[in-house]
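Asks: Sequences listed follow chains F and P, in order. Read in order, the letters of the first sequence are residues 1 to 405 in the numbering used here. Read in order, the letters of the second sequence are residues 1 to 141 in the numbering used here.
Simulated from the structure, these hints should not be mistaken for lab results. All the pointers check out, no bait thrown in.
In silico DSSO-like pairs for lysine-lysine, Cα to Cα no more than 30 Å straight-line: (1) Lys401/F with Lys95/P; (2) Lys95/P with Lys398/F; (3) Lys95/P with Lys20/F; (4) Lys20/F with Lys311/F; (5) Lys369/F with Lys114/P.
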Amino acid sequence: MELKKIRNDFPILKRKINGKRMVYLDSAATSQKPKQVIKEIEKYYENYNSNVHRGIYKIAAEATEEYEEARKKIAKFINAKSEKEIIFVRGATEAINLVRFAWAEKLRPEDEIISTVMEHHSNIVPWLMLKKKGIDLKFVEINDDGTLRMEEFKKLITPKTKLIAVSHVSNVLGTINPVKQIAKLAHENGARILFDSAQSVPHMPVDVQELDCDFMAFSGHKMFGPTGIGVLYVKEEVYREMEPFMGGGEMIKEVFLTNATWKDPPHKYEAGTPDISGAIALGYAVDYLEKIGMKKMKEHEKTLTRYALEKLSKVPGIKIYGPKNAENRGGVIAFNLGDIHAHDLATILDEQGVAIRSGHHCTMPLHSKLGVSATARASFSIYNTKEDVDELVNALNKARKVFGI
Amino acid sequence: MSFEMYQENILDHYNNPRNYGTIENPDIKFHDVNPLCGDEYEFQFKIDKNGKIVDVKFHGNGCAISKASASILTETVKGKNIREIKNLGRKNVLKNLGITISPPRLKCAMLPLKVVKVAVYSYLGNQKEIKEFEKEWDKME
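With the hints as extra help, turn the sequences into a complete structure.
Replies: This is the structure we're talking about:
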């Protein structure tokens with residue numbers, strides 16, 4: 001598909017902000033949605049809205065079929081062995097919390113979890129909550145170029161290490177972590193491996209079998225789907241180590257007043273009425289991504305990132321965080337400009353129609369490592385263009401003028 | 001093009017903050033942080049026996065909006081009686097800044113007021129007023 005045609009699929013990109021074309025550079029927070037996905041949500045509510053897995057009637061069967069079809073599409077998309085390995089959740093945060101409650105509850109005092117200092121809070125806080133159970137947490141540090149200190153994994157891992165939880169792509173530094181290597185190390189030491197793939201699945205080909213991960217968490221809304229839906233991938237053999245953490249309808253086989261039995265996974269972990277329209281729409285978002293092609297997504301973002309790194313590095317006073325080379329990073333660039341606070345930058349850019357993120361991006365420990373309280377962040381998707389990057393650079397130069405740097 | 005929030009007045013206070021620094025042996029001092037953006041300020045006061053603010057200084061780091069707001073606030077409170085701080089509110093701060101603050105930036109503009117209020121209320125032993133202002137603060141978005 002041509003870029004122009006792709007941009008036309010995203011109605012919101014026609015919006016004007018302060019009389020200027022909106023330049024949306026915050027896809028790492030949430031992606032925009034193509035009309036093909038928006039239409040499917042409308043279609044569900046207008047044509048076959050009904051609860052799944054229960055009704056005998058026609059539209060209930062249609063809803064169940066579409067819901068389960070979405071699960072199959074997602075399984076195929078990340079090359080899971082079976083759709084049974086796909087659990088629908090609200091988003092990556094809930095996916096990681098599901099692992100914390102359904103799998104990590106069985107951990108014993110002095111068991112260890114290894115994570116990294118570059119993680120999003122969603123891959124730190126659930127593990128911090130286990131500290132009161134006596135679980136030890138260890139964090140791998142980063143090098144100056146924003147890559148993980150890989151040698152530290154080997155130093156930190158012990159027979160007591162039960163889980164390594166690491167982001168696939170950093171939502172601030174853009175670093176693509178060597179997750180396959182980390183998974184290998186975890187498995188050689190009898191630990192499970194969890195990838196926070198919220199920033200990778202929407203942007204590059206991801207193959208759970210090739211990476212050999214046990215858990216993978218990602219959000220639908222960052223990959224052209226709606227908010228409120230996400231995925232936890234669980235390698236089928238790992239289900240043996242898990243117990244449901246939410247009880248209720250949909251997840252049971254039989255209920256008596258003395259006990260209950262559970263459905264098989266993945267339904268065992270989907271208590272209550274799920275986000276049916278969200279799951280179905282996410283299935284169509286996957287169709288849309290596959291139509292573009294994940295290799296093309298990655299290539300396009302890499303080209304933009306290379307261009308942006310080159311252009312941005314010429315802006316006087318700028319400090320860019322993370323790997324300098326576009327080959328090793330996703331389409332996320334965090335930076336600061338002189339001593340202008342990131343919030344001031346974001347406001348000045350907004351006044352020019354350029355939407356970027358500012359703050360700590362849910363990575364306070366990483367920001368304290370970087371020695372700053374906030375950064376500005378531009379992030380890309382397939383609908384962004386070199387002109388968008390030029391607009392960003394122009395807007396930054398105007399900010400320099402305003403602040404006299 | 002003109003920038004709505006970054007008027008000359010704001011940038012002037014940001015680049016040349018008034019009453020910036022510290023006071024030797026202050027009667028009141030208080031420091032607070034907005035963890036969301038890392039803005040942090042300390043305010044120090046010298047109070048005479050009648051409760052008049054005879055000197056005020058602030059120092060810290062933050063965005064242009066919060067720093068300008070802090071600078072302007074020192075000018076507002078200097079010479080006032082500490083009991084008058086109760087009458088200072090969000091409206092006064094916005095009026096003195098003289099710009100339209102977008103909702104996501106409201107807390108930037110109000111952080112200095114929070115520091116001043118908690119400092120003075122603590123000094124006066126008025127826990128109820130602190131709680132009331134903190135409630136108002138939580139609603140600012």
